[in-house]
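Chains as they are written, first to last, in my numbering: chain A, 1 to 90; chain B, 91 to 306.
Treat the hints loosely; a few may be bogus.
Unchecked claim - Restraint-style ranges between C-beta atoms, simulated for each label pair:
1) B:K128 x A:L19: 42 to 48 Å
2) B:L103 x A:A80: 18 to 24 Å
3) B:K129 x A:I18: 42 to 48 Å
4) B:K129 x A:V22: 47 to 53 Å
5) B:A112 x A:I18: 34 to 40 Å
Stated by the list, open to error - The calculated lysine-lysine pairs, modelled on DSS-like cross-linking and capped at a C-alpha distance of 25 Å, are:
6) B:K295 x B:K220
7) B:K295 x A:K7
8) A:K8 x B:K128
Everything labelled a hint here was simulated from the structure, so no lab data went into it.
Yeah, the Cβ is synthetic: ideal placement off N, Cα and C, and Gly gets one too.
Each chain is listed here by its residues.
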Amino acid sequence: MTILGEKKGLGIFIGLLILMIVVSLAAYSITGDMGIEKRFTHALGLQSGGDEEEGGGWFGLAIEGSLLLYAVVLGVLVIACYGIYRHFSM
Amino acid sequence: MAHIHLEDGSFSLFYALVWWTAAIILVGIAIYLIRSEKKPDRRKITLAAFCTAAAFAIFQVSIPIFGGVHINLTPLIGILAGPAAGSLVVLIINILSAAIGHGGWGLIGANALVNIVEVFIGYSCFRLLKSAIPDLFSRAGIATLAGLFFGNIVMILIIVISGIQGVNQSSGQILTGLSLLAAVNMGVAVIEAFVTGLIVAYIGKVRPDLLGDDRV
Chain A
1 MTILGEKKGL
11 GIFIGLLILM
21 IVVSLAAYSI
31 TGDMGIEKRF
41 THALGLQSGG
51 DEEEGGGWFG
61 LAIEGSLLLY
71 AVVLGVLVIA
81 CYGIYRHFSM
Chain B
91 MAHIHLEDGS
101 FSLFYALVWW
111 TAAIILVGIA
121 IYLIRSEKKP
131 DRRKITLAAF
141 CTAAAFAIFQ
151 VSIPIFGGVH
161 INLTPLIGIL
171 AGPAAGSLVV
181 LIINILSAAI
191 GHGGWGLIGA
201 NALVNIVEVF
211 IGYSCFRLLK
221 SAIPDLFSRA
231 GIATLAGLFF
241 GNIVMILIIV
251 ISGIQGVNQS
261 SGQILTGLSL
271 LAAVNMGVAV
281 IEAFVTGLIV
291 AYIGKVRPDL
301 LGDDRV
């Protein structure tokens, strides 16, 4: 590897890093300090309510926040993974 | 990093199914490619398993900058495991993440698509720039930035196409909001690019065979 080739790659990389930092700091100063989930709700104009927010879920069935549904879905996944493992095991 | 941090019900059931179907088709193609190899590459399978564990763990770690963010390591997955195994890895990570409440179940398909793009672009850039940029650190860093940039674009496209239930903003307002979000994400991509560059440069020193060109 030539020193010139090494420096070229590093130069491009550092240039891109500086560009990204400047752009992200500008965007950060516009949007303000908030966590990633709040940033999403803010960007989309969603009301930043809690889990009991109306309109969540499908057909009135909200999976998020429901321990029973999490357990059911996780159980189905475990069974499916076991089935796939048994089917493809050599 | 690009990850749709919305709860179930944000997308309509139709679009949740559309993105799930698209992700399943891509993962199906990946499985077909892996299974069509004449001789299974056990080294690649081991690497993919390590990538799954490492990326799942780092997915859950909130970095206290820009209000709290996380990195994905998806381009690193592409570089090490290849796009086919990498597609499976990101699907598993998204399923496991949803299982602990990080992202909705209905959004796994959409999130897997975003991450598959990051894996594929990361892998492709790393391979294509091989002759132009021989230095592993900067090549992996550039590939990571490219992968995460396109991941953010796909994330925006998916949200704009799907629309969000219960939101009265125009597409233009949503696009502006998401563009700002993606711009902040690219600040996090700087950290991820640096981390990926260091990891790949280290692997290149101690185990250069793991960065071979024979990845499917």
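Each hint tested on the structure:
1. B:K128 x A:L19: 42 to 48 Å: Holds, at about 44 Å.
2. B:L103 x A:A80: 18 to 24 Å: holds (21 Å)
3. B:K129 x A:I18: 42 to 48 Å: The hinted range 42 to 48 Å holds for K129 of chain B and I18 of chain A, with Cβ atoms some 45 Å apart.
4. B:K129 x A:V22: 47 to 53 Å: Between K129 of chain B and V22 of chain A, where Cβ atoms are some 48 Å apart, the hint holds.
5. B:A112 x A:I18: 34 to 40 Å: Given range 34 to 40 Å: holds, Cβ gap about 35 Å.
6. B:K295 x B:K220: The given pair, whose Cα atoms are some 16 Å apart, holds under the 25 Å limit.
7. B:K295 x A:K7: Roughly 18 Å between the alpha carbons, so the hint for K295 of chain B and K7 of chain A holds.
8. A:K8 x B:K128: Violated, at roughly 39 Å.
Going through the hint list in order, the structure does not satisfy hint 8, though it satisfies all others.
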